[in-house]
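Please model the complete structure; the sequences and the hints are all you need to start from.
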Amino acid sequence: MEKTDLVDKKEYRHIGKYVPRQDARNIVTGKCVFMEDAKDARFDNLLYCRVLGSPYAHARIKDIDTRKAEEIPGVELVLTYKNLPDWAKEYMNGQPAIKPIVDTRVVSVGDAVAIVCAETEDLCRQAIRLIKVEYEQLPAVFDPMKAMEPDAPVIYEELGCNKWPKFLEFGDERMLGSVERGDVEKEFAEADAIGGGICGFETRTVPLAPEPPSAIMTWDERTRTYEMWAAAQNCHQLQMCPDVGGRMPHDLVIHGHTFNTGGSYGQKQEYTLHTLILGVLSRMTHRPVKYIYNKEDQFLLFEYRIGSRMDIEFAMKDGIVTAVKGNWYADSGTIDDAGYCITAVGLGEMQLALSHCKAWDVDTIMAITNRSYSGTVRGFGGQELKSAMMPLVCDAVRKANIDPVEFFINNFVHDGIDYMWRDCKWYTCHEVDYRQMIKDTAEKFGWSEKWKGWMKPTAVNGSKRIGVGTSIHGNGDVGEDSSEALVQLRQKGDAIIMVDCTEFGQGQRMAIVKMVAEVLNISCDKVHVTPSSSWDNPEDFGLCGSRGTLTMGSAVTRAAEDALRQLKEIAAKKLRISPEQVRTEDGFLFPYNKPHKKISWEECIEYTTDIIGKGQWRANYAAPNCVINFVEVEVDIETGEAKILRLVSGTDAGQIIDPKALEMQMQGGIGAAAIDTGLFEENILDEYTGRFVTGNLIDYKWRTFNDFPQMDLVINEGQPNISRFRAVGVGEIAGAAGAAAIQMAVQNAIGVEFKEYPATPQNILKALGKA
Amino acid sequence: MEIKPITLTVNGKKYTFMTGPDDVEGVIPNSEVLVKTLRNRLSLTGAKDACEEGACGCCTVIMNGEPVTSCMILTVDCDGADITTIEGLENPKTGELDPLQQAFIDKYAFQCGYCTPGIIMTARALLNKNPHPTREEIGEALSGNFCRCISHYHVFEAVEQVANQGR
Numbered sequence: 001m002e003k004t005d006l007v008d009k010k011e012y013r014h015i016g017k018y019v020p021r022q023d024a025r026n027i028v029t030g031k032c033v034f035m036e037d038a039k040d041a042r043f044d045n046l047l048y049c050r051v052l053g054s055p056y057a058h059a060r061i062k063d064i065d066t067r068k069a070e071e072i073p074g075v076e077l078v079l080t081y082k083n084l085p086d087w088a089k090e091y092m093n094g095q096p097a098i099k100p101i102v103d104t105r106v107v108s109v110g111d112a113v114a115i116v117c118a119e120t121e122d123l124c125r126q127a128i129r130l131i132k133v134e135y136e137q138l139p140a141v142f143d144p145m146k147a148m149e150p151d152a153p154v155i156y157e158e159l160g161c162n163k164w165p166k167f168l169e170f171g172d173e174r175m176l177g178s179v180e181r182g183d184v185e186k187e188f189a190e191a192d193a194i195g196g197g198i199c200g201f202e203t204r205t206v207p208l209a210p211e212p213p214s215a216i217m218t219w220d221e222r223t224r225t226y227e228m229w230a231a232a233q234n235c236h237q238l239q240m241c242p243d244v245g246g247r248m249p250h251d252l253v254i255h256g257h258t259f260n261t262g263g264s265y266g267q268k269q270e271y272t273l274h275t276l277i278l279g280v281l282s283r284m285t286h287r288p289v290k291y292i293y294n295k296e297d298q299f300l301l302f303e304y305r306i307g308s309r310m311d312i313e314f315a316m317k318d319g320i321v322t323a324v325k326g327n328w329y330a331d332s333g334t335i336d337d338a339g340y341c342i343t344a345v346g347l348g349e350m351q352l353a354l355s356h357c358k359a360w361d362v363d364t365i366m367a368i369t370n371r372s373y374s375g376t377v378r379g380f381g382g383q384e385l386k387s388a389m390m391p392l393v394c395d396a397v398r399k400a401n402i403d404p405v406e407f408f409i410n411n412f413v414h415d416g417i418d419y420m421w422r423d424c425k426w427y428t429c430h431e432v433d434y435r436q437m438i439k440d441t442a443e444k445f446g447w448s449e450k451w452k453g454w455m456k457p458t459a460v461n462g463s464k465r466i467g468v469g470t471s472i473h474g475n476g477d478v479g480e481d482s483s484e485a486l487v488q489l490r491q492k493g494d495a496i497i498m499v500d501c502t503e504f505g506q507g508q509r510m511a512i513v514k515m516v517a518e519v520l521n522i523s524c525d526k527v528h529v530t531p532s533s534s535w536d537n538p539e540d541f542g543l544c545g546s547r548g549t550l551t552m553g554s555a556v557t558r559a560a561e562d563a564l565r566q567l568k569e570i571a572a573k574k575l576r577i578s579p580e581q582v583r584t585e586d587g588f589l590f591p592y593n594k595p596h597k598k599i600s601w602e603e604c605i606e607y608t609t610d611i612i613g614k615g616q617w618r619a620n621y622a623a624p625n626c627v628i629n630f631v632e633v634e635v636d637i638e639t640g641e642a643k644i645l646r647l648v649s650g651t652d653a654g655q656i657i658d659p660k661a662l663e664m665q666m667q668g669g670i671g672a673a674a675i676d677t678g679l680f681e682e683n684i685l686d687e688y689t690g691r692f693v694t695g696n697l698i699d700y701k702w703r704t705f706n707d708f709p710q711m712d713l714v715i716n717e718g719q720p721n722i723s724r725f726r727a728v729g730v731g732e733i734a735g736a737a738g739a740a741a742i743q744m745a746v747q748n749a750i751g752v753e754f755k756e757y758p759a760t761p762q763n764i765l766k767a768l769g770k771a
Numbered sequence: 001m002e003i004k005p006i007t008l009t010v011n012g013k014k015y016t017f018m019t020g021p022d023d024v025e026g027v028i029p030n031s032e033v034l035v036k037t038l039r040n041r042l043s044l045t046g047a048k049d050a051c052e053e054g055a056c057g058c059c060t061v062i063m064n065g066e067p068v069t070s071c072m073i074l075t076v077d078c079d080g081a082d083i084t085t086i087e088g089l090e091n092p093k094t095g096e097l098d099p100l101q102q103a104f105i106d107k108y109a110f111q112c113g114y115c116t117p118g119i120i121m122t123a124r125a126l127l128n129k130n131p132h133p134t135r136e137e138i139g140e141a142l143s144g145n146f147c148r149c150i151s152h153y154h155v156f157e158a159v160e161q162v163a164n165q166g167r
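So the sequences go chain by chain: H and U.
Under my numbering, the first residue of the first sequence carries the number 1, and numbering increases by one thereafter.
Under my numbering, the first residue of the second sequence carries the number 1, and numbering increases by one thereafter.
Hint data in this document are derived by calculation from the structure and do not stem from the laboratory.
Watch out, some of these pointers could steer you wrong.
[As the list claims (entries may be wrong)] If you want the footprint, here are the derived chain U segments under chain H, 3+ residues with CB under 8 Å:
# : stretch
1 : 79 to 90
2 : 147 to 154
[As the list claims (entries may be wrong)] Below, simulated BS3-like cross-link-like pairs (lysine-lysine); rule was C-alpha separation at most 25 Å, straight line:
# : chain 1 : residue 1 : chain 2 : residue 2
3 : U       : LYS4      : H       : LYS31
4 : H       : LYS31     : U       : LYS13
5 : H       : LYS452    : H       : LYS317
6 : H       : LYS660    : U       : LYS107
Using N, Cα and C, we set each Cβ at its ideal position, and we do this for glycine too.
In structure tokens form, the structure reads like this:
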């Protein structure tokens with residue numbers, strides 16, 4: 001195959017250069033509108049709601065008395081299993097749908113016992129205090145393996161056990177539930193190293209967006225349509241409850257609107273609980289209803305990353321993983337909002353990491369426990385995969401005495417290699433090859449000098465041991481799902497992009513402005529993007545899985561190209577040349593060799609008309625991205641304290657769209673429950689009460705400004721021929737493998753096996769036999 | 001409990017409010033915190049009401065020269081206070097940005113931007129007192145500001161750009 005990454009890097013007018021975002025001034029002056037800042041006449045007559053959550057992890061409600069709460073003036077409705085209308089019983093959480101919004105059973109602490117809807121939030125709180133509930137407490141289970149034992153308390157009686165049936169459909173895709181092919185036993189018999197065991201990544205870490213999750217919904221009975229405003233990461237996904245898994249009647253339509261969103265990290269993707277609750281309340285009250293989480297709600301009720309535990313063995317031959325067998329257990333908590341889709345992506349990513357392996361027997365099993373509920377979180381399947389898998393596969397790599405960097409170079413996917421992606425279809429990796437990037441990043445880190453071998457510290461200074469570690473991740477979802485866009489050219493030489501693109505940190509709205517401005521050869525100031533709304537824009541899956549650069553970017557680029565083609569055809573007639581000979585610059589068109597014979601867009605676009613171009617992207621999973629993390633950690637073996645001394649992350653992002661934005665996306669791998677989940681982030685669950693003891697912003701540990709280590713980046717710019725601007729998104733995966741890199745570094749520092757997350761003093765001292 | 005007037009100076013403008021018990025209509029309740037007053041009564045929504053426990057710094061404003069988390073301060077206790085919010089940094093006549101705001105644009109020192117007003121106000125308060133802080137002093141000053149996107153490295157660059165001016 002002819003390699004195209006040797007194509008010379010082009011010089012662009014906007015692409016590759018820092019151009020301040022169009023919302024930059026509003027952000028630094030406090031005028032940027034987030035959900036809570038928005039004013040809209042449609043929010044008049046607003047009701048608020050709060051949930052009375054269960055104090056028990058598992059219980060049956062024997063009786064509930066809401067009369068006193070209902071007597072408070074201003075309380076509109078107190079909803080319980082007793083007065084839930086029949087139609088509202090079709091509003092169910094779960095994949096598959098299983099749980100009404102209020103029920104006689106409660107399956108986790110915080111699970112809705114009653115929902116109060118009132119004129120103010122304070123009235124809701126006041127009313128909640130007056131509700132009397134009689135519970136029958138039931139035994140709870142928090143460990144996924146114990147949950148699947150025959151005598152475990154069954155959480156959903158209708159399932160008969162605490163294991164989700166494999167519900168494997170998403171949109172028009174059938175999701176990958178297992179990987180089974182090749183002669184596994186033969187490969188194990190012929191292996192020169194075998195390793196593996198059990199490893200878990202189950203610390204319930206929280207992405208914790210600074211802006212509280214909140215939403216407002218209204219209901220139109222006549223059209224059976226909801227309108228929804230949410231602090232969400234996109235609008236299309238707000239339609240997911242009716243669309244996927246039968247969680248709401250399929251015919252319902254939810255028109256979504258977003259504003260600037262104050263961080264998401266995957267977690268604000270679906271808004272399932274808000275949609276179900278507000279869907280019922282707004283339909284019952286015929287008024288707009290708002291549900292805003294406080295920080296404790298955000299810890300308790302928002303979607304968690306699934307717990308991940310692997311019991312898997314790996315066979316190696318000549319430095320290559322040749323066979324994999326075992327089970328991948330996921331802990332959904334009470335619900336998994338994304339079902340087996342998360343592990344389906346993870347299974348695809350496993351094949352990218354072990355791309356030469358021909359023999360597979362890996363199954364996924366998702367357990368139900370009484371720990372809150374799970375769903376979409378940044379690193380979707382990837383962080384769960386790499387954190388649990390990397391220590392196990394590296395057990396085999398260590399036994400084979402192979403340097404992990406060499407292992408990654410020889411095993412990670414590159415062009416020409418086939419794999420089965422999440423949709424059960426085969427893809428051949430094309431146009432991307434990260435081997436040089438891995439070498440460049442290792443060199444920047446100084447890996448060859450610092451790596452002293454497995455279980456060996458890089459340096460020892462009294463009780464302080466320095467260790468180094470590395471891990472790698474890649475995801476085919478950079479091309480996932482569909483994007484559609486329109487680009488409108490107007491007389492005055494400007495353009496409007498109609499696309500459903502919410503800004504929540506990546507700078508994606510500016511990235512598409514730059515792409516369209518580049519195609520049209522106009523200033524970025526002349527390109528505008530419509531507000532994010534599913535009502536006003538073509539369909540788009542939204543920003544997730546690092547897909548925006550390739551998918552949305554391609555859709556807007558093609559739309560701009562289509563519009564420009566039409567414009568050039570008109571200009572060609574006026575200039576009496578062929579459309580191919582027409583050039584455009586800053587709102588004027590001219591023959592390619594006669595710039596002085598220019599005519600304006602205004603002369604080509606009739607008064608009160610415009611030109612509209614259309615662009616599309618269709619799912620393609622054949623060009624995965626890749627990020628490698630290197631970390632140097634210092635461990636005090638007396639106190640067990642570990643700290644990061646230095647981080648180096650590397651990627652090949654193809655053509656850089658914006659250097660500063662990309663830099664921050666890479667640095668973002670530290671936060672939002674990514675790299676630091678290897679070091680200190682954890683949400684501690686009291687298994688006696690089922691409550692999170694660190695479920696607030698003060699007790700949950702997060703990295704503060706005065707504690708940031710040196711971080712260096714290696715960003716290569718191969719030019720894969722996958723889109724006009726040859727760019728690959730990488731934001732989501734920046735830190736997905738980071739926790740595993742820390743685990744390896746700590747293990748090397750302390751010189752004994754260490755497979756725990758996070759690397760707290762307690763876990764390190766335990767590994768050292770001191771606790 | 002009595003109904004009493006309080007006067008606040010916010011971004012150079014004086015406001016007088018009546019405050020009183022929570023069950024009295026038409027006054028600022030004694031339980032109302034400053035961030036609610038700024039956002040709901042003065043429409044100054046740059047300060048964000050995010051954690052309600054003084055943990056995230058998104059509601060930071062400068063009060064009498066000090067950066068404070070306005071979700072932890074009762075408005076009734078602010079009588080006579082001089083308050084600057086993020087909206088008060090730019091020149092109201094010319095629209096010229098505070099050099100720190102401009103530095104945040106120049107260095108692209110935000111991602112989602114939700115925590116940015118709080119970060120800018122904390123850094124502004126630091127620079128007002130200490131025009132040339134070290135990197136360590138900047139880190140310490142901002143240690144109560146939560147940013148989950150990780151814009152920290154760029155924020156350091158932006159604050160240092162201003163701190164290095166006139167050195």
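Outcome of the hint check:
1. Only residues whose beta carbon comes within less than 8 Å of a beta carbon in chain H count, and the stretch 79 to 90 of chain U has 5; three or more means the coverage holds.
2. With 8 residues having a beta carbon nearer than 8 Å to a beta carbon of chain H, the stretch 147 to 154 of chain U meets the requirement of three or more and the stated coverage holds.
3. Simply put, LYS4(U) and LYS31(H) have alpha-carbon atoms about 32 Å apart, too far for the 25 Å limit, and the pair is violated.
4. For the proposed pair LYS31(H) and LYS13(U), the alpha carbon gap of about 18 Å is at most 25 Å, so the pair holds.
5. Straight-line distance between C-alpha atoms of LYS452(H) and LYS317(H) comes to about 23 Å, which keeps the hinted pair within the 25 Å bound.
6. Proximity of LYS660(H) to LYS107(U) is assessed by CA-CA distance (about 8 Å); at most 25 Å being required, the pair is judged to hold.
In this structure, the one hint that does not hold is number 3.
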